[in-house]
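S.K.: Here's the letter readout for the chains.
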Amino acid sequence: MKTAVSRFALRHAPLLLFAAIIVTLGVLAPKFFTIANALNIAVQSAPVGLVAVGMTFVLITAGVDLAVGAVMFVGAAVAAKMIAAGQPIPLALSAMLGCGLTLGAVNAFFITRVRLAPFIVTLSLLFIGRGFALWLTQTRAMNLPEFFLQLGAVRWLGVPVPLLVLALVVALAHLVLTRTPFGRQLYAVGNHPENARRAGLPVRRLIFSVYLISGLCAALGGILALTQLGAVSPKSGENYEFKAIAAVVLGGTSLFGGRGAVWPGTLLGVLIIQMVESGLVMLNADPYLYPLVTAAVIFLAVLLDTARQPLLSK
Amino acid sequence: MTNALQFDGIEKSFGGVPVLRGVSFAVGAGRTLGLVGENGAGKSTLMNILGGNLTPDAGLMLLDGKPHAPSHPTDAARAGVAFIHQELNLFTNLTIAENLFLTAFPRTAGVLVDRRTTHERTAALLAQVGLSAAPDTPVAQLSPGERQLVEIARALSMDARLIIFDEPTTSLSTRETDALFALMDQLRARGVAMIYISHILEHVLRRCDDIVVLRDGAVAGSGAAEEFTTARLVSLMVGRELTQLYPSRNGAPTGETVLEARRVSQPGVVRDISFTLRRGEVLGISGLMGAGRSELARILFGLDPHTDGAILLNGEPLHRAAPRRRIARGLAFLTEDRRHEGLCMDASIADNVALVSLRQHAGRVPLRLLNLRRWRETIASIREAVRLSPQARDTQAVSTLSGGNQQKVVLAKWLLARPAALILDEPTRGVDVGAKYELYRLILGLADDGAGVLLISSEIEELTGLCDRILVMSRGAVRAEFSRAEFDREKLLEAALPREVAS
Amino acid sequence: MTAFLRRALLSDYFVLGLCVVYAAAVAPFTPGFLSSENLTNILTTLLPLLVVALGQTVVLIAGGIDLSATAVIGLASITGAMAMNDETGWLAHSPLAAPAGVALMLAVGAGVGACNGFAVARWRMPPFMVTLAAMMGFSGLAVWLTHSKNINALPAAFTMLGGRTAVAFAITLAVAVLAQLLLSRSLFGRWLYAVGHNPRAALISGVPVGGVVFSAYVVSGLLAALASVLYTGQAETGSPVLGQRILLDVIGATVIGGTSLFGGKGKVLWTVFGVLFLKLVDNSLNLLSLSVFTITMAKGAVILLAACLDSARARLGNP
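Residue numbers (our numbering), protein chains in the order written: chain A, 1396 to 1709; chain B, 91 to 593; chain C, 7 to 325.
Since the hints were derived computationally from the structure, they do not count as laboratory data.
Hints should not be assumed to be uniformly reliable.
[Said to hold, decoys possible] Short, incomplete list of chain C residues facing chain B, as computed with Cβ under 8 Å:
1) 101
2) 206
3) 212
[What the hints assert, rightly or not] Derived DMTMM-like pairs: lysine to aspartate or glutamate, alpha-carbon spacing no greater than 25 Å straight-line:
4) 526(B) with 484(B)
5) 156(B) with 177(B)
6) 581(B) with 551(B)
7) 526(B) with 154(B)
8) 273(C) with 551(B)
9) 155(C) with 1541(A)
10) 526(B) with 538(B)
11) 526(B) with 558(B)
12) 155(C) with 1681(A)
13) 581(B) with 177(B)
14) 155(C) with 1633(A)
15) 156(B) with 204(B)
Ideal placement from N, C-alpha and C gives every residue a C-beta, glycine not left out.
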């Protein structure tokens, strides 16, 4: 009996956690249950959400991308410098996406060609990228034109633009993962790379693409982050890699590969993380506690994932 | 009519040890060939060559009269060869339909999966193989028998002209076995050639058109199925000249029991195992793969749990003691897989040899520094005792050694621990003849010195040459016991073969 | 030729050779590089890094990794400072301030290490995620406890440990010798290598795998805390972000030295040379007035190169 309950709990952990947090926060801070607040949380979660969608692809193949924070920062820094130099905004935006793809490609190269472990490659690139961006901005904050903040506030059909972008990307990602051969092959690679090779799947090419996707999504997330802050600072993109990984793993995707979904999984995970953060703000908690809470959440997410391993048959 | 498949002088060696010595036979078009032989006779290697997992050292293959030399499993698949392995190659996190069409999904607009067509085609294939599961069932939810049917469906989806079945009925219920045979009849009617590998000789005799018996890497007998009887098959599988001599024993079992199992059971793995091992005795455990011998060894050593029964070492029950406690009390275990469980391949010979008995050389707390001089002396003396190749330096990585020398390192490691009881699981696998004799000498020496030896082996001859008694296991239980006087190779093999009536 | 190259690449002194080559290449362009003042400077900054890198070496040999080492440096720093400082410390002006403070710092390091070790050994969680979470959590804890403020007025008896080069050198040398003994001549050392090579085989051979892994993380935490003693002494202030910038250095130095990310391989000597190389690079780039960011980027690139080298050497070693 007890094992049946714990099996059920582990299998549906994302949904249960989601519900538990809503209830807890609602009890502790009644203001939590307003529509305005819900919308607020959704909009604020958009940047992490985008990064997490890309991260989901990577985790499904049993890899990891720790460089996403650098992608966001570099992209923002490049855009800020371009705009300050008089370049048109659309060009700057394209450059941001370009940064994402480039960094993703570099990661992918070292992982698939040189065969290094993903965590050491992306960890190195995290530092290289952040260093590069700090150099570009000379560690000073740089303001960006009003356009970005406006973009964040604009509503289209009543829905804030960032939320629309998130919804669109989630929908697209969900489609790719569940309805395209590419997506299904990713799951196969994560489940059993050796069998995948034997079955004739282009394993190297598949793994290469997920890091490109992750870079691109991180760049998009960077754009959305700019719509919230309107500026790039040395703190841009900080800790996003951890938040994204925690969100994805909380949402049911496994670090060990072969299992996971953006809908509802990652989305739930992202909302959980954002609710915890917003909840802390609402409860007037000491801002110094935030990284502690985030760390605890990550730890919990990984613990759950590890505990789930033997239960879900392989 | 050209043969569906022809083997011509296939040879293959691993690390200097010949596994296939000029195998030649043919599978007639649309016929089913039964391939039988003991473990280690070369069946898997031959099939791996056919399926593109290995390349032969010499010899040819002809598929439908055309040269067949796959360098990768996908080559073989494209040529129309489908291999239904014992360990299935399905992705458990995907559905049946996805597994079948993973590399060749029907598409809408070239990008998306055409779910309807995939569904329909999968349903059609499943109907052909008689599996009543829905196409979108996750494979993880299927029983082994159902998974096997999915594999066969995949073979059909790739228009296989030759299907190899490797021990297909081991995990099947009676009903599933019947379904499989009905399916094979259908396939035969469609002109598909098949190779059927099994230890259940009654099945082979009944369902196959022709039979080939492999022994020691060569064809020992072949012909139409009508020409064979179970008895003849057994004697062809087993009979060979005594090319190996076994060292003589200087001791004999004393009365004292060193290792005892009392009704040890683990559901699904072993059932009601009871035996006693005495000091100075070499007790063999015979049986086929899947009989539960290695699993029993792991349970005895404490690596895997058991729900019922008791294991006693020197009269004391072991309860749930961890392996290192059992080692401290005198138990040793030379595993089946020396690459992954017996040795640290990248570590030096010295480090590997010393690993179990390190504590004996360690000084006091806190640092527990090793007495390096004594350590080196001990290693040198055990190297000599096992006659490890003198050219190999202590600092060399064991991965550079031959199979025989590697096994000597593992054995040396356990000898240094001075065990009261030593469990050996396939100790001479992948070892050449010369090294085998050396290992036998060491094993018998250990028994002569008073240890109890539990010897698990798939080579019946090895068991009859070394053991005082032999237990035969099948499907997780002990089926028979033979004392030295009763040793008979054919009877031993027969006792190991599973009966047709599955549980 | 290739045989020579092969022997050179696999030699224990390969990285020392790299140091010499690098120094020779860079010296003509870098004024003051080879001055005695600069060399002393290099030595002083090298010592604490070596201590924490030795702890990392132990964990890497066991097949794990400890990303929280730098957070331990910060946490231990402020914990010790809170206890010892002359203004608000619990041990203020006590003659036992320095030794008790040091003991407290070491306890903090061991405690963090124990948490990591428990999660990895008992709960089987992946080391890089566990120590990543630990890094965030414990550095956040340090910042929270001090509200981002540094703590000054530390007793002289304490700051001399890190501040006086001779003392720091003695401490580091002692640690290095102990580590060398531990790794090459002790029972634990042999077990550590076995676990890193093949945990399954080690378990079957009677090695207490769980205990060994746990201890490796405790050692890493302890050494990080000891490095913190040196860093804090040098800086003469307890700072919650003391170790923040050196995660890259620690891992980079260990991997450049030749310790494998896959486990089973590593030596004290290698790490010494690896730390030396990294410090040479760091120092020379500083002297060339390159910005902190360029240096960070360069070090990131160095780690990547080190990982490539590690992979190449692994493949060379097992043809």
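S.K.: It remains to establish, for every hint, whether it holds in the given structure.
M.R.: Structure-based check of each hint:
Look at residue 101(C): its Cβ only gets to about 28 Å from chain B, farther than 8 Å, so that hint breaks. With its C-beta approaching chain B no nearer than about 5 Å, residue 206(C) sits inside the 8 Å limit, and its interface hint holds. Taken as an interface hint, residue 212(C) checks out: its beta carbon lies about 4 Å from the nearest beta carbon of chain B, inside 8 Å. The straight-line distance between the Cα atoms of residue 526(B) and residue 484(B) is roughly 22 Å, inside the 25 Å bound, and the hint therefore holds.
Between residue 156(B) and residue 177(B), the direct Cα distance comes to roughly 29 Å. Violation of the 25 Å bound is thereby established for this hinted pair. Taking the CA atoms of residue 581(B) and residue 551(B), the gap is near 12 Å; set against the 25 Å cutoff, the hint holds. As the CA atoms of residue 526(B) and residue 154(B) are separated by approximately 41 Å, the hinted pair breaks the 25 Å bound. Restraint check for residue 273(C) and residue 551(B): not satisfied, since their Cα atoms lie roughly 48 Å apart, outside the 25 Å limit.
Distance check on the hinted pair: residue 155(C) and residue 1541(A) sit about 35 Å apart at the alpha-carbon level, beyond 25 Å; violated. For a cut-off of 25 Å, the pair hint linking residue 526(B) to residue 538(B) stands: about 18 Å separates their Cα positions. Pair hint residue 526(B) plus residue 558(B) holds up; C-alpha atoms about 19 Å apart against a cutoff of 25 Å. Distance check on the hinted pair: residue 155(C) and residue 1681(A) sit about 15 Å apart at the alpha-carbon level, within 25 Å; holds.
In summary, the hint linking residue 581(B) to residue 177(B) is not supported, as the alpha carbons are separated by about 29 Å, beyond the 25 Å threshold. A threshold of 25 Å between alpha carbons decides the hint, and for residue 155(C) with residue 1633(A) the separation of about 20 Å falls inside it, so the pair holds. Distance restraint check for residue 156(B) and residue 204(B): the Cα-Cα separation of roughly 36 Å exceeds the 25 Å cut-off, and the hinted pair is therefore not satisfied.
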